[in-house]
Amino acid sequence: MLAEILGRATRMPVVDAKDGERVEAEHVYVLPPGAILTIRGARLHLRRTGRSDRERAPIHVFFNALAEDQGEHAIGIVLSGGGHDGTVGIKAIKENGGLTIAQGSNVSRPRFAEMPSSAVAAGFVDLELPVEEIPGRIIAYVRNWGAFDPEKPGDALAKIYGLLRSRTGHDFSDYKERTFQRRIQRRMQVVQTTKLDEYAERLQKDPDEVHSLFRDLLIGVTDFFRDVTAFQALETLVIPKLFEGRGADDEVRVWVAGCSTGEEAYSIAILLREQAERLVAPPKVQVFATDIDEAAMGVARAARYPANLVKEVSPERLTRFFVNEAGMYQVVKELRDMCIFSTHSVIRDPPFSRLDLISCRNLLIYLKPTLQAQIIPLFHYSLRSGGYLFLGGSENLSRYGELFVTLDRKSRIFRRRDLASRPPLPLRQFLPTSRRGTAGMEESQGGLLQRSDMLRGIAATVVERFAPTYVIVDESGQTLFFSSGTGKYLQPAVGPPNRDIVAMARPGLRADLRAALHCAKETGRRFVRDRIAVQINGGTQTVSLAVEPVTEGNETVYGIVFIDRGPIRTVEETAGVAHPDSEDTTVRQIEQELQETKERLQSTIEELETANEEFRSSNEELLSVNEELQSTNEELETSKEELQSVNEELQTVNNELSIKIEELDRANADLNNLFQSTQIATIFLDRRLVIRSFTPAVSKLFNLLPGDQGRPLTDLSSRLDYPDLESDIRTVFGGEAIERALSLSEGTEHYLARLLPYRISSDIIDGVLLTFVDVTSIIAAEEQQKVLAAELSHRVKNTLAVVSSITERTLPDGGAKTDLLGRFHALGHTHDLLSNAGWTEAPLRELISTELAPYGAHITVNGPPVSLKPQAALLLALVVHELATNAPKYGSLSTPRGRVEIGWTTAGDRQRRLEFTWTERGGPKIDGLPARGFGTELIERGVRFELQGEATLGAVDGGLQCRIVIPENPQYVTFGSPPDEPVIGEAAS
Amino acid sequence: MTAELEGVRVLVVEDEFLVATLIEDMLHAAGCIVSGPIPRIGEALEAAGRGTYDAAILDVNLGGDRIDPVAKALSYRNVPFAFVTGYGTAGLPGDYAERPHLRKPFRMTDLINTISGLVHTSRPKVV
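Chains as they are written, first to last, in this note's numbering: chain A, 1 to 989; chain B, 990 to 1116.
Keep in mind that a hint or two might mislead.
PhoX-like, lysine-lysine: derived pairs with alpha carbons at most 25 Å apart [claimed, not checked]:
1) K205/A <-> K195/A
2) K869/A <-> K1093/B
3) K797/A <-> K869/A
4) K195/A <-> K241/A
5) K368/A <-> K241/A
6) K797/A <-> K1093/B
7) K311/A <-> K333/A
8) K1061/B <-> K817/A
9) K889/A <-> K925/A
Because the hints were derived from the structure by calculation, they are not lab data.
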């Protein structure tokens, strides 16, 4: 489908890629869906994608394959497309010398900007162009191919080295020239320059170009677990050994040199971490990762990688050691804490020391052999005894057999050999003058470097010329190292190559050599044998042979030194004596001094290392103290906050209490004022009759002073004559109230004492309350009232008697006088009745019986108790009097058989009324009613007038009947006995 | 008796029957037209407000009730009145203490003279 669409846009044939097809020029091949494409030997290879493939980015795969297959001849172009596809592939192309182009955002915005942006952002794109410009640039690039002449670099190259050194501080003059030149060539093709001089000029003017060149030089392919098999070998062979015999107090130290963006360091950290977790008390692990690229260090510390870089990480490790954040994988903190990233140049800066493992992959290949020759011994120095070295795929140590043992050649894993004498330390680069130079010093620096090269060469020559010939062998006599000039004493044995020193020894030497070696092995000490005659080229050379064992760690090697004693003599001259060679002594002296200097430096470096270690551990201690202080601080903060809130609560409570206290004070003041103001003598006693408080009025009765609170009442004397006080109080404790009338001073003062229980709650009595009310005046008033009433009564009766007397003397005898005097008497009797009751009322029954007393047994009186108020009593008394005087004159009492029935009832439901009946029987029949007169008027008008009642006179069976009905009215008449008055007990006197 | 009291309308307020009838008889004898006697305060107030009188005789104490409201009502209507009292001057209503009064017991002449005085005197100012 895609092929068809594209085919319409070009004259070139556009086809779907087919497996095994050869790539032709001017042809377009399209990747069909559901397939993975690679290229090998300029042939395309197609593979259908299976479900188990994690390859979701076919372009990555193809770019990688293309980079590998075509190297510098590859051009990778990233157009628009979603995702990060191609980032890593682009990197591979650039790393292998190809050209990389990304579609840029200029006039023609790519529709899916993500793919180009990520490639550009990753710094792997040489050119960022709008799509219209891309074809032109490609054509120009290809046409200029080969215009660069690598054979005659001239001064321009030196200038470029200088520019790099001054602008970046790094010396690339020891990098492999071919690699270096290839990078420059690429940059020239990118910027379209054909002449090296022109490029050097451009570098001078354009700092950005210097930076681009620098980045190109540094470019290295890095991802996690690159070369999976190599890492597996590392995991199996090396990692466990690092932890062997190490406790929690020990430290495993690893250096990853040239770590770039950190993938290598973290990969090793993962292996170390996994191993540490298998142990009970693992040692501390520290990984030092270094590179000269500061930007890369930044990336490494951030530790966030795109998904395609963690391709080789197993799913379990991915989950355990990475956190997936929106497509980027961040290394977990515990791993990041294990690694320390720092900018460090292997060539320039002093190395780390006492390392268990050094990993340096893809660094050495960029360096010239002379630089490698410095670095390998540096690594050897840096490693502990038995330490390991892990190198990259295209690096080997075939020339450094005396320093390292090969453990796994394919995976490039080596182990440090321990030697008696340390190899010479490359001291030159640690001198301060070899650090970053300024622009003005570049020339002299270049000259100095060149001279030091020369000096080194001279030194080597001197050493070589004057040092004795030596060979180093292992325990079994296998040669490990040859110095120069061994040809005099050794020759290759006949047959297949044989490293056995004895086999290689020239005639005459063999037996002594074997014996010397054996002795040295047995005794473990140096063995010297002099005057050995060695047959050389028809002559004889007298030699001294020294075999010295050297043990470092668990390895013992033997140094065999051949010292010539005298010239080669003919057979005849063989019996000569070897004379000391003065030249030998001088050389030996120089050697010794050099050795001592080296040793002193060594110990100085070690001391520095120790000091550094101590500083580091101090720092760590301080950090942890800081942490503790932080947490203590936080606890204190929390405590402080708690205290503050408790404080606020207390303040609130305090405020409330203050208000309550104020209220209490006020209530108390009110009570006190009330007490003071009251005229009633009041005493509060508790259960034990002890005085709690009292009012001032009490002092009239008891001699109480304010200080008497707390004393029992019974202790105090009083004016009261109250012998029952104590028993009364105890009665009151039972819950009863008691009232007593008391008098003192021979009855001139009267008090009403009330004793009440003091209740705290409805059922708890806590004391007694005594009040004494001065009722003297009341009593006096009552007395006076009685006196007055008596006096009045006396007066009234007297007046009536006087009136009667005057009537008696004034009127002539006759009916009128009798009637008048009779009425006066009736009034008098009624007054008596009223007086007896204190002028309040008179009982009806007595009123009637008094009036009818003279008429004896023919009268019946029946009725319930009824009380008449004074006005009603007087009126009814007169009524009864009239009836009573009428009956004997004209009514039933005029005959012996006549009688009078008097009765009354109090009837009625809602309103009661008195129904009074006077019935005369057995008397002469009356005809008509009595004539109108005083009596009839009184009865018929008076009852209604004064009492609102009804009275009728009538005849029943010939006898007079008088009926009177009076409604109950407390003003005139009440029914029933008078209510009981409260009995006021008289105190025994 | 003088005929000057002929047709004089007199309101009598008294709660003692015998005293009331005595006053009534005396006034009748003098030719007065008697309204009442009225023994209770409620009725008395009503009568004082509605009726037409030339004079009134008021008992100071009606079974415990003071006569003051009736006196006031009559005074507003410019009806002259006199008190009848058993208490002496102390018992007279405070606002009308200067009005004529009769002490019990009294003679008929005293009563008639008092009434005469009430009727023939120029009407007192309204207070």
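Hint by hint, here is what the structure shows:
no.: 1; hint: K205/A <-> K195/A; verdict: 16 Å, holds
no.: 2; hint: K869/A <-> K1093/B; verdict: 22 Å, holds
no.: 3; hint: K797/A <-> K869/A; verdict: 18 Å, holds
no.: 4; hint: K195/A <-> K241/A; verdict: 54 Å, violated
no.: 5; hint: K368/A <-> K241/A; verdict: 32 Å, violated
no.: 6; hint: K797/A <-> K1093/B; verdict: 17 Å, holds
no.: 7; hint: K311/A <-> K333/A; verdict: 21 Å, holds
no.: 8; hint: K1061/B <-> K817/A; verdict: 43 Å, violated
no.: 9; hint: K889/A <-> K925/A; verdict: 13 Å, holds
Checked against the numbered hints given earlier, the structure breaks hints 4, 5 and 8 and satisfies all the rest.
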